[in-house]
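Enquirer: Join the two chains into one complex using the hints; note that each chain is given alone, in its own frame.
Protein chains in written order, with my numbering: chain A, 1145 to 1475; chain B, 302 to 461.
Think of the hints as simulated: they come from the structure by calculation, not from any bench.
Each hint should be verified, as a subset may be incorrect.
Keeping only pairs whose Cα atoms sit at most 20 Å apart, straight-line, the calculated DMTMM-like set for lysine to aspartate or glutamate is [to be verified]:
no. : chain 1 : residue 1 : chain 2 : residue 2
1   : B       : LYS399    : A       : ASP1238
2   : B       : LYS380    : A       : GLU1209
3   : B       : LYS321    : B       : GLU335
4   : B       : LYS380    : A       : ASP1205
5   : A       : LYS1188   : B       : GLU336
6   : B       : LYS354    : B       : GLU365
7   : A       : LYS1234   : B       : GLU336
8   : A       : LYS1188   : A       : ASP1222
9   : A       : LYS1197   : B       : GLU376
10  : A       : LYS1188   : B       : GLU358
11  : A       : LYS1172   : A       : GLU1209
12  : A       : LYS1197   : A       : GLU1209
13  : A       : LYS1207   : B       : GLU376
14  : A       : LYS1234   : B       : ASP366
15  : B       : LYS316    : B       : GLU336
16  : A       : LYS1181   : B       : GLU358
17  : A       : LYS1159   : A       : ASP1178
18  : A       : LYS1200   : B       : GLU376
19  : B       : LYS380    : A       : ASP1203
20  : B       : LYS354    : A       : ASP1222
21  : A       : LYS1234   : B       : GLU376
22  : A       : LYS1172   : A       : ASP1203
23  : A       : LYS1172   : A       : ASP1205
Here are some chain B residues pointing at chain A (derived, C-beta under 7 Å) [claimed, not checked]:
no. : residue
24  : ASP366
25  : ALA367
26  : GLN396
27  : VAL397
28  : ASP410
29  : LEU411
Some, not all, of what chain B presents toward chain A, calculated at C-beta under 10 Å [stated by the list, open to error]:
no. : residue
30  : LEU355
31  : GLN363
32  : ASN369
33  : TYR384
34  : GLY385
35  : GLY388
36  : ALA389
37  : SER391
No experiment lies behind these values; they were computed from the predicted model shown.
Backbone N, C-alpha and C fix where the C-beta goes; we use that ideal spot for every residue, glycine too.
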Amino acid sequence: MTLKGGTSQACAACKYQRRRCSSECPLKPYFPPDQPKMFQNAHKLFGVCNILKILKNLDADQKTEAMRSIIHQANIRDQYPVHGCMGVIKKLRDQIWLAEEELHAVLLQLDMYRQHYHQQISSSLPDDVVPSQLELGMAPPNNALSLFNHAPHQQPYNAAAAAAALPIAQHHSYSNNSYSSTYIDSKDNLSNSMWVQYPYATNNNNNSMAIQSQLVSGIQQEVVHDYDELHPFFDTIDDRQSYIDSKEAYESRYTLFNIFNIPKSYIHDSTTTIYMDNMLVVHNSVEFSINSVISICSSEESLKDTTQSMEHVAENELKSAAACFSLTSVN
Amino acid sequence: MSSSSYSNSPCAACKFLRRKCLPDCIFAPYFPPEEPQKFANVHKIFGASNVSKLLNEVLPHQREDAVNSLAYEAEARMKDPVYGCVGAISVLQRQVIKLQRELDATNADLIRYACSEMPPTSTSHQYGSRRTGGQGGEGSSVDQNSGYYFPSHWNNDGHE
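Extracted from the complex, chain B is given alone in its bound form (with noise of 0.2 Å):
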């Protein structure tokens, strides 16, 4: 990705070290100079000699994945220091819970219709709650959600 850039300026996280990126720096190829900001986040969030190290612990074809997921965590712990990725993933979880809890209800009514007992009265679930758009996996709920912070409301809402 970067290897070239070795010649022409070091990368992201040798500046922002302000030292001499040697062409086996284990950051160049995943902190290109151009985004010094992704090499400051992680920097901050989780330290670069954390980040190397857990860099080293991985396979080389799976590095690139782990330094965009650190990446992510620590644009969102900037974000929002108290849940940081964590308050994400509250807020999926709550969706899923929501939503498994209407197809229960749906699935209820389904098998009385089915076992051919009387029509339940009070199926109100509505369309409106499943997303509109049809393609991969990028419902519009999902995408409402899917932001970084979702600060202190998750326990607010506690166990309906």
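Just chain A, with the same shape it has in the complex (with noise of 0.2 Å):
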């Protein structure tokens, strides 16, 4: 590190195979000298000589580009030696079809709420049309359970806990690009987790602590990651920051059946597999700290208050919600 003469220092590259780094050293802007693990990620996967046989025939802007998405990708095997960028690309399709799959089934009962609503203007009936809800829901309700045969609690409100569980991960895990605030004001966000959390809280009383502990020791650094790394990284290569950690998304995946003492061979089944993954992905990118579940758990008594018609509409609508999951997930 320390320079006799003051000239520049010599890349992380020709540091790394102690030669001379001129000026002229084609990898000097790509591997500062003090990022090493850098280039021997690069070096470790590609090798200088392939590095430099893929850069010849590019422009000067495409070489910049294609540094970086080398370097990335000698990160990534760094991570994962066995699945690499694969392993990423698989969890990112994973991840696609969950919120696909999501966001039919939000539309679904956004529709539902819609015709309710229409029905309730254009009929002007009292409350007493809510217990039709359901009905409005068509076909799904014979359905509803299926799905949830095979989460580890049959109570009434699982359904809403899977289901409702989903919407609230997308306003945390975007907390950092403030989408959120965008889409829903502070009150809406409010009424939104208390809704969410309470039947989730209720539902895991017993060991909602248990799973809490487990999740934010094992799962947080697996996706608080996700959405931090993914985006960015072509902005700003922070090499030493973690990647997606495929490893550990699984091994918490099993985690999480063990915790809810499912057996792993439901792993395989399409409509478990939603139902933990929505855990995962509620848990993981709301930046789940124990806190809020302690206090969530704590302020249970008083969301029975404050939130008693609100649980009245839930109950009915998540199992719609719950319907129309079994029904898209179950092909």
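Expert: Below you can see the structure in the form of structure tokens.
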């Protein structure tokens, strides 16, 4: 690190190879001397010679992009020696599939609400209409519980937990991008979290603490990085930042299955997987600190009062959402 | 997989490198002679030496997965020298973000209904955005973007 003459320092590539780093060194712009690991990863996967070969036929601006992608690819391989980028791609595909299923379920539910609302407006019926919401939910109710037969707890709120637990994930996961604030105001945010978390906390009253602590220790590290590292990796290459930890993701999924006493054979059951994955998503992306769970649990009683009406609606409506869920996922 | 092929013909790697394929050849189980291109790609992008080092670092039962992922990455890099498989990652990430945003908006609408507020009129989310097939993890929209190379438009989109 110390320089005798105050001349520019050798790049990490030249340093690693113990050679003189001239001003024409082709790798100098991409491997700063203070990040030797970055070079080592690239060197280990590609090798200097192959990197230069890739760069040889590219334009100057393409070279920068290519080097970034090479470095990123090498870092992923360093982190996941077996699956490398393929593991990341698979995980993203799964994530997309889940999000699409979830979106579909939410849209169905939203339609149901709309119909219900319009019916209310047209007939101007009082609250007696509420019990008929399930019928408004069309066919799915027959299937409603089939999804949750695989679920660990077969209480009425299970459906609510699974279906309603989903929406909250996004608000928090995108807090960095401030999308949540554009789509939902703070009041909605609050009610959303109450609405969603309450049934969950009730469901797992006995072991929610255990679950949360497991999640915090085991999973938080997984997806918390997701959106942080997914998006800007080409803007801010920070290679020591961890990338998606697929290994831990799988492990944590299994952990969840253990928590809920679900046999691993269910992992191939799409419905159960969705359920569990959604739980994962919720807890991860929310940056669910244990504190929030504690506060939810402790404020259960007050929630019962303050959200009574909401709960009344939620119970029926979310069952229907579960119905939608089972419909979409059992094919 | 190809232990029997030692006697018949050398593995694709040894064939390519023109060397004798010994029984303990680390490439032989994963680079059968019928797939010469698989090794050629991997060799061109990563180099046989790097690949053998990587394989030696993982457990034997993981080597097949490792080789397949390396072959995938090598092929992607061959097709798109600039972005390689990282291009596919970027596209998928954008898709995830887009879906999440859509979900955010839909959920916000849902909450409004659930709270018995006035229904929003701005909800224009379409079912078309979701995949229509119902099987496995292979949605059509995913498939659309699951190819290897997704060239340079990813930076032009900007951050929406």
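Enquirer: Between the alpha carbons of LYS1188/A and ASP1222/A, is the straight-line distance 20 Å or under?
Expert: Holds, because 9 Å separates the two Cα atoms, which is no more than 20 Å.
Enquirer: Given GLN396/B as an interface hint, is the shortest Cβ-Cβ distance to chain A below 7 Å?
Expert: 5 Å, holds
Enquirer: Taking only the CA atoms, is the gap from LYS1234/A to GLU376/B under or equal to 20 Å?
Expert: Answer holds: LYS1234/A to GLU376/B is near 17 Å, not above 20 Å.
Enquirer: So if I understand the rule, the pair passes when the alpha-carbon distance is 20 Å or less; does LYS316/B with GLU336/B pass?
Expert: With Cα atoms ~11 Å apart, LYS316/B and GLU336/B stay inside 20 Å; holds.
Enquirer: Decide if the proposed pair is consistent with the structure: LYS380/B and ASP1205/A, CA atoms, cutoff 20 Å inclusive.
Expert: 18 Å, holds
Enquirer: Holds or violated: the hint that SER391/B contacts chain A, with Cβ atoms closer than 10 Å.
Expert: Cβ of SER391/B sits 7 Å from chain A, so the hint holds.
Enquirer: Given the hinted pair LYS1172/A and GLU1209/A, is their Cα-Cα distance within 20 Å?
Expert: Answer holds: LYS1172/A to GLU1209/A is near 15 Å, not above 20 Å.
Enquirer: Let me know if the C-beta of LEU355/B comes in closer than 10 Å to any C-beta of chain A, holds or violated.
Expert: Hint holds; LEU355/B Cβ to chain A Cβ min 7 Å, cut 10 Å.
Enquirer: Just to be careful, I want the Cα atoms of LYS1234/A and ASP366/B compared with a cutoff of 20 Å; is the pair within it?
Expert: 13 Å, holds
Enquirer: Does the structure keep LYS1188/A and GLU336/B at a Cα separation of 20 Å or less?
Expert: Status violated; Cα separation ~25 Å.
Enquirer: Can ASP410/B be said to touch chain A, with a Cβ gap under 7 Å?
Expert: 6 Å, holds
Enquirer: Take the C-alpha atoms of LYS380/B and GLU1209/A, compute the straight-line distance between them, and say whether it is at most 20 Å.
Expert: 15 Å, holds
Checked against the numbered hints above, the structure violates hints 5 and 7; every other hint is satisfied.
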